[in-house]
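Participant: So the protein sequences, as listed, match chains A and B.
Residue numbers 1 to 419, in the working numbering, belong to the letters of the first sequence in order.
Residue numbers 1 to 419, in the working numbering, belong to the letters of the second sequence in order.
Any given hint could be a false lead.
Pairs count within a copy or across copies, as identical chains cannot be separated in the list.
[Said to hold, decoys possible] BS3-like cross-link-like pairs, simulated, lysine-lysine; straight-line CA separation at most 27 Å:
#	residue 1	residue 2
1	Lys264	Lys311
2	Lys268	Lys42
3	Lys56	Lys295
4	Lys375	Lys151
In case anyone wonders, no lab produced these hints; they're calculated from the structure.
Predicted model only: the values in this text are computed from it and were never measured.
There are 2 protein chains.
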Amino acid sequence: MSKDKRWGVSMTDDLFANRVRSEVPSRLNGMFPQMDFPDAIKFTAGSPAEDLFPRKEMAQAFADAVATEGNYTFQYHTVTGPQSLREKLAKRATEKMQIENIDADNVMLTAGGQQGIDLVAKMLLNRGDSMVVEAPTYVGALSSFDMYEPKYYAVQLQSDGMDLDQLETTLKAHPEIKFLYTVSDFHNPGGVTLSVEKRQRLVELANRYNFIILEDSPYRDLRYVGKSLPTIKHFDTEGRVIFLSSFSKILMPTLRTGWLVASKRIVKQLLKLKEAADLEVPNLTASAINQYLEKNDLDAHIDQLNKEYAKRQWAMAKGIRNYLPKEVKATCPDGGFFTWVTVPDYIDTTELLYDHATPEEHIAYVPSKNFYAYKECTNGMRLNFTGLTPVQIDEGMERLGRVLKEAIARNQSSISVEN
Amino acid sequence: MSKDKRWGVSMTDDLFANRVRSEVPSRLNGMFPQMDFPDAIKFTAGSPAEDLFPRKEMAQAFADAVATEGNYTFQYHTVTGPQSLREKLAKRATEKMQIENIDADNVMLTAGGQQGIDLVAKMLLNRGDSMVVEAPTYVGALSSFDMYEPKYYAVQLQSDGMDLDQLETTLKAHPEIKFLYTVSDFHNPGGVTLSVEKRQRLVELANRYNFIILEDSPYRDLRYVGKSLPTIKHFDTEGRVIFLSSFSKILMPTLRTGWLVASKRIVKQLLKLKEAADLEVPNLTASAINQYLEKNDLDAHIDQLNKEYAKRQWAMAKGIRNYLPKEVKATCPDGGFFTWVTVPDYIDTTELLYDHATPEEHIAYVPSKNFYAYKECTNGMRLNFTGLTPVQIDEGMERLGRVLKEAIARNQSSISVEN
């Protein structure tokens with residue numbers, strides 16, 4: 001705590017708090033390599049397709065918000081944002097997420113899903129407190145959690161979601177764990193979905209071992225195969241699950257509007273934290289979303305997105321089959337934005353990206369290292385398929401296939417040389 | 001740090017972090033009493049006048065942002081927001097705030113001034129770190145700072161800003177102080193402005209005692225008398241001053257757009273914290289502000305505001321002279337939103353508000369207690385004059401005069417009884 005009076009390159013650096021003084025650069029640094037080739041194909045960003053934005057409808061919704069609510073919507077109000085939007089979201093949560101017995105006061109609007117993650121961490125974590133994340137997990141969540149300086153326990157992701165046997169062993173050994181973060185549907189970056197059985201068991205574990213679950217589900221509506229599963233929150237019996245969603249993937253990122261459903265006690269604490277962080281919801285934006293929902297069929301729009309994204313997901317699945325060497329494994333997601341690829345463990349995907357994939361084939365992906373609390377996995381990669389057309393995906397996967405085959409060949413020839 | 005396994009009314013309360021477990025309710029609680037009388041006059045909120053919002057122009061600016069930048073502005077980008085808006089603000093900072101030698105990368109966009117305050121505190125404060133606030137100070141800043149659990153040192157506000165002799169004594173006794181927060185122009189809630197001499201001396205103290213200054217100046221453009229002073233940041237020689245402004249008071253609160261000017265090293269740290277908190281600036285809103293600034297004369301709009309607010313400030317000054325008892329002192333601000341009233345110390349303004357002002361005269365103000373880190377001052381009140389017409393202000397001040405005269409009379413009769 002004592003102020004260190006070093007006078008170095010910058011005179012103010014010694015005044016920074018521990019949370020920002022760390023030698024480790026931002027977790028988001030280096031995730032997206034610079035690549036300006038005209039034929040570049042980027043599987044990196046988690047962006048929705050721009051040409052599918054409901055641009056005309058949202059522009060009209062902003063105009064309607066100004067016209068009908070006038071100056072009221074421009075003024076300071078309260079941290080909660082419009083009651084009528086929260087009512088609509090409570091209804092949607094019951095109909096689409098099977099979250100029963102809630103009303104508008106169980107719903108909180110946030111500045112994107114990211115603020116929901118940040119405020120939940122701020123509510124729960126003292127420095128050094130223990131929490132569970134998946135391995136791999138959403139990198140933006142790690143960058144929020146880092147700021148509250150927790151101790152991480154990482155639980156492996158399996159094809160049906162996190163390994164609950166490993167989780168239970170961890171909970172027995174570390175009963176001080178108070179918080180668990182999971183992406184339940186179409187995992188970012190893993191592409192997998194938590195099974196119904198595991199959802200139920202996870203809530204039982206939370207009750208038995210006394211922790212809170214943040215169920216982050218921004219991709220839930222974007223399902224291309226099969227039927228939606230009930231949320232983890234659906235099985236919640238003790239107000240331990242916070243369900244988090246967002247308009248960024250189904251309408252537009254620029255709305256910076258997420259929403260969460262939680263017990264009223266928890267919502268009350270989170271509102272106090274939001275007030276301290278940015279005072280209140282931007283009412284014009286919230287009113288515009290409310291207008292959009294009144295005058296348009298959101299689910300019809302989502303159906304359109306799903307039709308197009310299914311083609312892109314399919315192009316990627318075909319690309320994996322047609323071009324990637326047999327030593328490589330990949331998840332086949334039922335929805336969402338991402339496929340996860342696992343390569344032989346002698347390949348470091350960060351080195352491969354900078355030494356071969358980008359300079360030689362003009363493609364980019366996000367290396368696995370970025371998605372682990374302790375950066376321990378170096379032989380995976382996240383591929384986004386929603387931001388590219390099927391033709392671009394096919395071409396990009398062919399190039400990725402070449403990069404991987406050459407890496408495997410290099411390894412085999414180096415083994416021959418050693419022998 | 002250990003998890004407390006109490007099973008009480010709510011099963012999750014024992015999992016909350018220290019920062020939200022405190023018994024003290026939110027600092028903003030009880031600041032604005034419920035009052036639904038048809039003749040109510042509220043001096044409480046720090047709201048700009050709704051009828052002066054540039055509603056038509058901002059609606060056009062949103063339409064222009066959609067039309068000219070199309071889908072680009074709806075997509076994910078980076079945490080920084082549009083370069084061309086930050087360029088305009090750097091230019092404005094030089095022309096209007098006398099902050100020289102800066103460019104767009106010294107400027108950061110925030111979710112209202114509030115987020116600027118929150119992120120600076122998050123950048124600097126470990127739990128238990130020492131900081132200086134003014135007494136009184138902006139209550140929303142205290143609610144941000146509280147979340148990082150600092151030790152506060154409060155320095156008295158004088159008619160020309162904070163008492164720098166008291167500050168220097170405090171710094172000598174507590175050299176571990178690393179952060180000072182001040183509202184430099186038309187203080188909220190104090191109504192006073194820091195003198196030029198004190199601005200210069202404050203920077204010298206920061207250099208000598210190694211701390212960072214957050215200069216919060218959301219009211220700076222709203223000056224009704226005299227000429228603007230150079231900012232504290234103008235005198236900064238070592239990158240120790242962070243200057244914070246906002247569009248909430250000069251355009252509209254709903255834009256939720258503040259901006260700050262700081263050294264590039266500090267901006268870099270703050271951007272990392274913003275990314276973790278809410279990912280990025282809402283580009284549609286930022287583009288709309290950019291469009292507004294390109295097609296409208298912001299300073300002409302500010303002149304209009306100043307013309308009207310000057311009348312309201314004048315109505316309040318007259319009301320103080322005409323109606324308030326001579327035992328009462330009040331500041332006479334040259335700009336901004338607030339007048340600060342000091343009453344005899346035997347009057348508790350919180351009790352007076354709930355027992356007399358609201359039920360008997362249907363008026364409300366914010367009691368002084370709310371503006372002190374340790375709630376030590378009970379005989380002051382903050383009066384807002386921008387949210388009411390001159391006629392309402394005159395009527396409200398007449399009622400406040402009656403409330404105060406009666407309180408003084410009650411005290412005198414109780415003294416007579418005791419004698």
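Participant: If any of the earlier hints don't hold here, list their numbers in rising order.
Facilitator: 1
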